[in-house]
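Visitor: Given next are the chains, with one letter for each unit.
Number of protein chains: 2
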Amino acid sequence: MNHEDFFKIKDGWNLKIESLKEEQLVHYGSNLLCGNGYLGYRGTLVEWNKNQYQACVITDTYDMADDKWRELSNSPNALATEVRLNEKKLGDYPGEDQMETELNFNYKYGIFKRNSINDEKINIVSERFASYSNLHLIANNYQIKNLSNQKVELKLGINGDVWDLNGSHLENFSGEYDSSENTLYLKAETVESNITLVTALSFKFKKGKIQNLKVENEKKSIYLLMDIEAEAGGIELDRNMIVYSSNDREEPLKAALNDASSALKTGYQTLKNEHQAVWDKKWELMDIRVKGNILDQLAVRFNLYHNIIATPAHSERLPIGARGLSCQAYQGAAFWDQEIFNLPMFLFTETETAKNILKYRYHTLNGARKKAKDLGYEGAFYAWISGKSGAELCPSFFFKDVISGRKIRNHFNDWQIHVSPDISYTIWKYYLATDDIDFVVEYGSEILFEVARFLHSRVYYNQYKDQYEIIRLLGPDEYHENVDNNAFTNYQTQFALKKALYFYYKMENEYPDKLSELKTKINLNDSEITAWQQIAEKIYLPQPNGNNLIEQFDGYFDLEDTTAEVLEDRLIDKEEYWGWPNGVAVFTQVIKQADVIQLFTLHDTFNEEVLAANYDYYEPRTQHGSSLSPSQYAIVAARLGRAEETYDYFKKSAFIDLMSTNKAVSGGTFIGGVHTAAAGGIWQLIVNGFAGMKIDKKGLSFKPTLCQEWEELEFKLNYKEKKFKVSLNQNQFKLKAATSNQTELEFRVFDQKQVLKPGAEYSLKI
Amino acid sequence: MNHEDFFKIKDGWNLKIESLKEEQLVHYGSNLLCGNGYLGYRGTLVEWNKNQYQACVITDTYDMADDKWRELSNSPNALATEVRLNEKKLGDYPGEDQMETELNFNYKYGIFKRNSINDEKINIVSERFASYSNLHLIANNYQIKNLSNQKVELKLGINGDVWDLNGSHLENFSGEYDSSENTLYLKAETVESNITLVTALSFKFKKGKIQNLKVENEKKSIYLLMDIEAEAGGIELDRNMIVYSSNDREEPLKAALNDASSALKTGYQTLKNEHQAVWDKKWELMDIRVKGNILDQLAVRFNLYHNIIATPAHSERLPIGARGLSCQAYQGAAFWDQEIFNLPMFLFTETETAKNILKYRYHTLNGARKKAKDLGYEGAFYAWISGKSGAELCPSFFFKDVISGRKIRNHFNDWQIHVSPDISYTIWKYYLATDDIDFVVEYGSEILFEVARFLHSRVYYNQYKDQYEIIRLLGPDEYHENVDNNAFTNYQTQFALKKALYFYYKMENEYPDKLSELKTKINLNDSEITAWQQIAEKIYLPQPNGNNLIEQFDGYFDLEDTTAEVLEDRLIDKEEYWGWPNGVAVFTQVIKQADVIQLFTLHDTFNEEVLAANYDYYEPRTQHGSSLSPSQYAIVAARLGRAEETYDYFKKSAFIDLMSTNKAVSGGTFIGGVHTAAAGGIWQLIVNGFAGMKIDKKGLSFKPTLCQEWEELEFKLNYKEKKFKVSLNQNQFKLKAATSNQTELEFRVFDQKQVLKPGAEYSLKI
Ligand SMILES: [Ca+2]
Ligand SMILES: [Ca+2]
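Going down the list, the protein sequences come from chains R and F.
My numbering puts the first residue of the first sequence at 161, with every later residue one more than the last.
My numbering puts the first residue of the second sequence at 161, with every later residue one more than the last.
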């Protein structure tokens, strides 16, 4: 695959699509997304509408319109535009070849640019960004050039007839135009959750005079129809789209109109400067520089950008959607991806954001408690698909047997339990990276204890074998449901129990009042603590066998040993689901994604022989049918010194969205959008892979190894309130401490202890 | 449905099919089966061949011809006959309407009679039986009448080209004709198991003279081609088919030829007399007399007959096939049907046979041990489909998704565990009915301990709930696989553990040497005994809820509540399997067969309110898709005094085969044959249902109730070496003790204790 089939590289921050291709509409929408963690405006042209997947997804607007799927709502589109010149439409409409369009996207500041031109050289140039200085704002500069002072009919306004995956979420529309302020708004309510959503528009013509203006108030839209007289052969317009929901503010309309007016006063260029300043600060810590391959550099930043804008860093009560805010797919909800894939990058850069992500799990404890209770367990069983409240959003039936048309009962919601210990695991990592014991005492401990309690109620004791077991599971590899003792889950369970015990005893000694308060609150008994200890001691942990292999689950090695290619041939229908209950992979060793290998990226308890044996065994049996898979194989490859294989996985993972290797629709279901976990995985692949960075009880450590393709790699780390720059080339590894650091750093490189004073630089020939 | 569509009643023992219908061929084959527990010769005409499912199934000839299914072999047919008159075929061949045939069957002695006649009044009359005085013998008298002294071409011989369900089992044929003895034989070997099977034929013309005789030795057959001159307008032939396998005798050929010659010397009528004498003795104890409905009387005897001939009473090393010896379907192998459905009738009549059935389980302990070990358990996990060795014959994939054509992984072999405790249960019942402690000490105890050991390794302890649970099960209702804590299985498990403990302590005190010998043999530790006690004490036993309902398994009541009729409409294909993993019943409360209700027929621990509530709840949700179901509902209906409902179930159950209400082929698989469990269920329905007989620690008891349809019911019981006659009419229940009884009987009627001296009669107005 050649990237030039998809885009041209301008530099390490910018890509260009020289000529817009209609068949790529869906992918432009998400790849060229303007977002800021509050909203995501898809990379569509202003002439387009819901048929081209135009959408602006808004956080915290969960609503269910079809009695089955609860998802985020899309805002009405305040950038809706229709231009007529001599009574003929002007623009780039799908299926109508009036103009040729070039698209540019800048990943440093999330700026979307379009430039369309027709045979008469009439030119539409437009630029927009989703502001990071006001998260409710999308600012747009819009120009028509090369007009010969013609009169142009312009239809601007707010279109509420938006794209939705699962039913229309908005109703009860009302709108108004305020001519004194040059603002208009459209207010609507979500059909089930009754959230008020206000979309406002303010605009100002910098070139061009309004001659006639008519307000068109339709059922789901408000438009202004204007005749504009061009000035100096052109028209130029600044406009601001503002979105507020009643979940943001008590008076969303007032806030929206206020922001709309104020943005107009501030002006486009100033808004852009303020916005860029926020990004500059982010990149100061989060950028990763790659020398030697400009395409790779761009791809790295594409992934970092998307992981950042997917994350509602402004809130501690919102999840990171599996597709971010790039569309409604996967319900704008969090999976285990959030902690295991999205979060690590923030943990070593923007730690406040990492904390917010974990606080979200604290605020959704009641949802997890309810799920546990509903299924007959205790404590906190976190939702497989977690929205605002933490209630389980994953329906029992969602895949379809495409041959019979009958729905399939998949057990993602009730058997895939590892998300709960994965959260405990991440609290531990947060603590290691930040020393933030206050967070653990106030928030983390309650999660840890309730997860331990859940695990206690979920394991079974096998009296004959004198061991605890976890029966009827679904591990990370989703093709094998209903398995026992999934190695990944069992190890994570032990880890979660041990960390619960660690903090229990730490609090007992250091924060006794806080502990007794919490014990009273959640009614925690001493006998439970004893049970956690017993289980942690005697839970069955599959060990490497004679060939150094860890069995993914009981009986895995007895399954048919074949490959994904062979299974392809067994498909009756290409759209068939491969997994449970009767898909082609179920009775074979073919797995969807890293599972035992995923265990190695989280735990450092196995030696290199074991890593190598399992990598070599599981790799050819892995379909990589999940975007979560390649980055994890990549990290283990790097640990084995196989940097070229790590690089191959980088290619696989970094371009999933950029080269649109993924399907956007499967079995009639829209699954497009940005793979935010793969985006977060790129950071890990580089930092934990090439730089070989790890964190554990002994602190920070590195085992660097770089692929031949890259000359140099450079990134920053924020660790326990100290800042560092890591650089790595073919011959040298360097770690430089910021002069502002208050204390020295003890760390390890290739297992050798080192100390780095503030402002000092450590370097090692490799 | 009217029985006259299928047969006419001659009397309480005999039915007649006035005019053979081709479309009923499959059902005649099994309903009109001549059998004796060693072989089963299907009710086909001698002119027919494998296309009409002609077969003679032989016990103990397991062989696998298709790499997948191990089943009993069919013997070559020594009654193969072709008659030509004036160079034209004479007989009743399917598709050729030369003759009109009447069939008669006598269920007292298992005598099959055919009478065919053509337009010229030429008449073939033939009679045969599978001898009970020599189990290897099928004797046949064959006559052609109303010939005008024509010459008849007769082709007699042994045809080895037989019907087989799953591949041809026989090869290496050789045959010989001995003209001095008038015997011929065909010897063959089974393809996989290398069993030698010898089929011999001896014959003698009582009317008609052989004029020419030619031996035709083909690849799979040996025939004699003869010209016969009729005598007094007829031909009459006695012939004997003899079958021996190398599993019966070291020299099967010698035995077969010897028996063939000897049978010829004895002569047909004497053979028949000897055979009938055995049956007369059997019926003395096993007959059930029903007055008031001759059809029902016949149907009762049909079922008793088939349960008797299905049972290899002559051996302690052979199972009762689920379809007896009526065909190869279900592999001639035992299911839980054997103990729970077939055996109870023998337990109170021919106790030696009941003992042999249980000894079969003793002799197959190693197969059960191997199954346990293979699946990671300990002790004895009895096969779901058990043949000679007790190895699991149930393949992992046998149903097919008829829509996709893909095979289904059903878990009958690894999740349906109740057969093991069902065997323990039956050992206990055998002990109660016979006082045969020697059997328990020598055989039963080893089964009981190994089953307890298996259960110990199969249960899990839920530490949070302080109870043992059984996870991932398939109970009697086969539509719901992968369930937890199936009430039936959990109660049976506790029972099996308690009885293992009971006999352990009994042996420890009364047979200490035997116990220590056995403990050494099976390496049984005291800590295991402690564990059995713990599990028996703390195993989770679902209790009646507020509505007196016992939940079939965890979560059953949360499933969609609908009916089988509604589900019929959801079928995409009428042949679809309803159960696991994605059939129409899986996510509903619709069950295939009695499950909680089955529990009530085995255990008397619930009061009438509970019985009634569960009966009323589960009955409308039961599809009765298994022939095992109606008899069990019938028994509970009787206990509730709902004798008319018991009678309705009698009708459903007794005529399953007689009126061919079952399919013979499903999803391309032959599933025809006699439902022997339903046959055994009829005895239970009458004795445990109408007579309300039960046996427990307190002894024998009765709660009689009779349906209006019947005037009187009479049967015998053999209990602890004492004999009794039970009779019941609308007004009176009577129990008469045989004068030969050595001691008096203490029993209960409607919970009132009674005592009956030898020769005395107890009677109660009801
Ligand atoms: Ca175009
Ligand atoms: Ca005919």
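It is worth saying that the hints were derived from the structure and are not from the lab.
Among these hints, one or two may not hold up.
Same chains, same names: a pair is fine if it fits in one copy or spans any two.
[What the hints assert, rightly or not] Taking lysine-lysine pairs in the DSS-like style, the calculated list, with each CA pair at most 30 Å apart, reads:
{"hint": "1", "residue 1": "K249", "residue 2": "K515"}
{"hint": "2", "residue 1": "K625", "residue 2": "K666"}
{"hint": "3", "residue 1": "K176", "residue 2": "K380"}
{"hint": "4", "residue 1": "K625", "residue 2": "K658"}
{"hint": "5", "residue 1": "K176", "residue 2": "K734"}
{"hint": "6", "residue 1": "K681", "residue 2": "K625"}
Visitor: Take the hints in turn and mark each one as holding or not.
Guide: Hints versus structure:
With identical chains, the CA atoms of K249 and K515 are never at most 30 Å apart, being 50 Å at best within one copy and 94 Å at best between copies. In this assembly of identical chains, K625 and K666 lie within 30 Å of each other by CA distance solely across copies; the values are 28 Å between and 32 Å within a copy. Within a single copy, K176 and K380 get their C-alpha atoms no closer than 34 Å, and across copies no closer than 80 Å, so neither meets the 30 Å cut-off. For the homomeric pair K625 and K658, the shortest alpha-carbon distances inside one copy (22 Å) and between copies (22 Å) are both at most 30 Å.
In this homomeric assembly, K176 and K734 never come within 30 Å of each other (Cα to Cα): the closest approach is 33 Å inside a single copy and 57 Å across copies. When the C-alpha separation of K681 and K625 is checked against a cutoff of 30 Å, the pair qualifies only between copies, where the shortest distance is 22 Å, while the shortest distance within a copy is 36 Å.
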